[in-house]
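Just so you know, the protein sequences line up as chains A and B, in that order. Residue 411 is where the first sequence starts when you use this note's numbering, and the numbers rise one by one after that. Residue 87 is where the second sequence starts when you use this note's numbering, and the numbers rise one by one after that.
These aren't lab readings, by the way, just hints derived from the structure by calculation. Every value quoted in this text rests on a predicted model; they were computed, and no experiment measured them. The beta carbon of each residue, even a glycine, is placed where N, CA and C say it ideally should be. Please note that a few of the clues may not be correct.
[Unchecked claim] Each pair of labels, with its calculated beta carbon distance range:
#1 E172/B - E614/A: 21 to 27 Å
#2 P267/B - M559/A: 28 to 34 Å
#3 I93/B - C574/A: 53 to 59 Å
#4 V129/B - R490/A: 21 to 27 Å
#5 A517/A - V326/B: 46 to 52 Å
#6 Q416/A - V197/B: 16 to 22 Å
[What the hints assert, rightly or not] In silico SDA-like cross-links for lysine to any residue, where the CA-CA straight-line distance does not exceed 20 Å:
#7 K543/A - Y178/B
#8 K327/B - Y174/B
#9 K126/B - Q552/A
#10 K222/B - D638/A
#11 K331/B - L232/B
#12 K107/B - D635/A
#13 K292/B - L321/B
#14 K553/A - L232/B
#15 K222/B - D635/A
#16 K246/B - D635/A
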Amino acid sequence: MIRVDQAGLQSAIQDGGRYGYQHIGVTPGGVMDWQAYQLGNLIVGNQLNAPCIEVAYGGLELTFDMKTEIAITGAAFTPRINGKAVPMYETLYVIPGDHLVLGYASAGVYGYVTLACGLKLEKILGSASTDFKSGIGGIDGQKLLTGGMLETYQARRTMVKKRCVPEALRTPVGGDIRIGVLPGMELERFSEDSWDQLLHASFEIDPSSDRMGYRLKGHASFQADSHDIISCGLARGTIQATSGGALIVMMADHQTTGGYTRLANVISADFPALAQMRPGQTLRFYEMTLEEAHGRLREMKTAIETWLTPYLDAMVSTSEESRQYRITFNHQTYVVQVSKVEE
Amino acid sequence: MTRPKIIADGDCGIAVVFGDKISDTLNRQVHRFTDDLRGKRLVGILDIIPSYCSVLIHYDPLQIDHTSLVSIIETYVGSSDNQMDEGYDVVYLPVLYGGAYGMDIGTVAAVNNLTLEDVIRLHTVPYYRIYMIGFKAGFPYLGGLLEALETPRLKTPRIKVKAGSVGIAGKQTGIYPQDSPGGWQLIGQMPIPLIDWNHPDVALLKPGQYVKFYSVDEETYQALLQQVSQGIYPLKVVRVKEVPK
């Protein structure tokens with residue numbers, strides 16, 4: 411069990427998202443910064459999409475009653491365990507009684523606490539993600555409450571060698587951010603200079619931004635022949651222009667369908683950096699092609715695999731019954747399963 | 087018929103656009119194509135979202151590359167053209183109209199110079215096509231509201247509208263799937279939940295089906311509510327070859 415001593419501003423259970431039900435209006439949701447979240451899971455030897463605690467801005471404090479590995483990734487926190495500063499993006503080993511204080515982020519918004527012990531949660535439509543609007547998933551469909559308990563699977567012995575993610579692989583937080591965009595579905599319905607304006611203006615994240623959408627403040631105004639379209643499916647990262655000329659980027663909890671003209675789409679590789687932006691922070695857009703956008707995703711995947719491979723040469727996976735090891739011998743890689751023999 | 091356009095919608099989406107108007111013909115093409123593609127269970131496709139006249143396919147570019155997916159889509163777009171629909175489901179939904187259950191029914195009547203009975207009669211006549219489901223989990227976009235019932239939205243939206251509320255907003259009629267704020271003119275209450283997270287289908291209604299409302303009295307409504315709370319309630323769904331005009 412894990413006790414939530416302080417829940418912080420908005421901490422909730424999230425995972426890779428509830429996909430496959432958008433045709434009946436169910437938003438996929440899931441984590442805002444998939445890059446930090448996936449790395450967090452890899453650091454503790456989890457599957458990429460294991461449920462985690464997503465923390466907005468900070469304030470989370472936890473007490474553990476078991477031995478396990480955890481990791482803290484995402485926004486720039488100054489975490490402490492039993493008062494002692496601990497690094498982010500690195501395997502941390504906790505023992506019963508350990509008290510984690512996350513602190514408040516100095517840059518970025520979303521932090522991720524991933525846990526090797528796993529969180530015992532009821533999945534709804536294949537996901538443990540908290541959907542605040544529908545009130546489902548996570549813990550009773552809402553944010554974590556101070557004093558609450560999180561059920562975990564049985565404590566595991568330490569299994570993972572210390573893993574540390576290099577700076578270059580982490581989601582950039584703070585500073586001026588550049589975000590790649592592709593032309594939107596209705597770009598040709600906007601005035602001719604709109605694309606240039608989008609690429610040359612700078613924008614500020616509006617304070618009204620949340621997990622559903624980030625509003626962009628800027629001097630440029632984007633006018634289309636009409637701002638309404640016949641309602642249709644909406645992709646994550648879409649930049650809609652409302653009739654007032656304001657831009658809204660569709661974030662993790664966006665509605666499944668929408669009816670505003672679409673000026674551009676944020677590329678998936680830069681979505682994590684955008685998700686970590688705070689109100690008041692400025693960003694600029696740069697142009698990409700579809701091929702380049704896909705290339706960036708593949709590069710990220712390769713970079714993560716390259717980083718992870720040396721660690722995998724020890725252990726691949728573990729369960730109560732058996733453990734798998736990857737062993738490279740004479741340039742040939744073998745996966746060896748080891749199980750306990752009953753006496 | 088013009089060939090649908092296949093357009094990249096960001097780096098994880100492909101839109102198949104069949105046209106740019108609200109029509110039964112286009113929407114039927116949309117759902118035939120959606121059913122075809124869904125049936126293929128392609129690895130890397132995360133979601134298929136049909137709407138009025140287009141389909142958005144959400145894919146993982148690390149699992150299926152864009153070019154192959156486009157050529158697969160081209161194949162199915164072509165083959166879906168020639169098929170006929172095998173029939174349509176009409177879902178009959180009970181509504182307790184007026185009174186505390188539909189407090190704006192008087193407004194709808196007054197705006198359109200009708201009696202309350204007229205509003206109920208005219209609202210229960212059409213077979214409303216479910217063009218799409220979206221906006222909120224389980225919310226059906228219904229087409230076919232009679233012009234005689236069109237009523238502007240409330241000037242000030244209500245902070246809380248109860249799940250199951252049946253309303254009218256402009257040319258649209260619909261049902262609120264969950265308690266939520268809302269500005270629709272409320273004319274009645276439908277007791278059967280549109281969303282049941284524990285049911286394998288989750289949503290009561292599917293896009294491409296038709297909805298036919300029928301008026302029930304308070305006693306029947308209360309009895310239905312009782313049954314719903316026990317998880318057993320009758321739902322009339324009739325398969326028809328052609329939907330009556």
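To see whether the hints hold, each was checked on the structure:
About 53 Å separates the C-beta atoms of E172/B and E614/A, a value inconsistent with the hinted range of 21 to 27 Å. Against the hinted window of 28 to 34 Å, the Cβ-Cβ separation of P267/B and M559/A comes to about 33 Å, which satisfies the hint. One distance hint, 53 to 59 Å for the beta-carbon pair I93/B and C574/A, is violated here, with the actual separation near 42 Å. Separated by about 44 Å at the C-beta atoms, V129/B and R490/A break the suggested range of 21 to 27 Å.
Checked against the hint of 46 to 52 Å, the C-beta distance between A517/A and V326/B comes to roughly 60 Å, which is inconsistent with it. For Q416/A and V197/B, the Cβ-Cβ distance of about 53 Å falls outside the hinted range of 16 to 22 Å, so the restraint is violated. Between K543/A and Y178/B the alpha-carbon distance is near 28 Å, which puts this suggested pair outside the 20 Å criterion. Pair hint K327/B plus Y174/B holds up; C-alpha atoms about 6 Å apart against a cutoff of 20 Å.
For the proposed pair K126/B and Q552/A, the alpha carbon gap of about 36 Å is over 20 Å, so the pair is violated. Between K222/B and D638/A, the direct Cα distance comes to roughly 19 Å. Compliance with the 20 Å bound is thereby established for this hinted pair. With a C-alpha separation of about 12 Å, the suggested pairing of K331/B with L232/B holds against the 20 Å cut-off. For the proposed pair K107/B and D635/A, the alpha carbon gap of about 17 Å is at most 20 Å, so the pair holds.
Simply put, K292/B and L321/B have alpha-carbon atoms about 14 Å apart, close enough for the 20 Å limit, and the pair holds. A threshold of 20 Å between alpha carbons decides the hint, and for K553/A with L232/B the separation of about 43 Å lies outside it, so the pair is violated. Between K222/B and D635/A the alpha-carbon distance is near 28 Å, which puts this suggested pair outside the 20 Å criterion. Restraint check for K246/B and D635/A: not satisfied, since their Cα atoms lie roughly 34 Å apart, outside the 20 Å limit.
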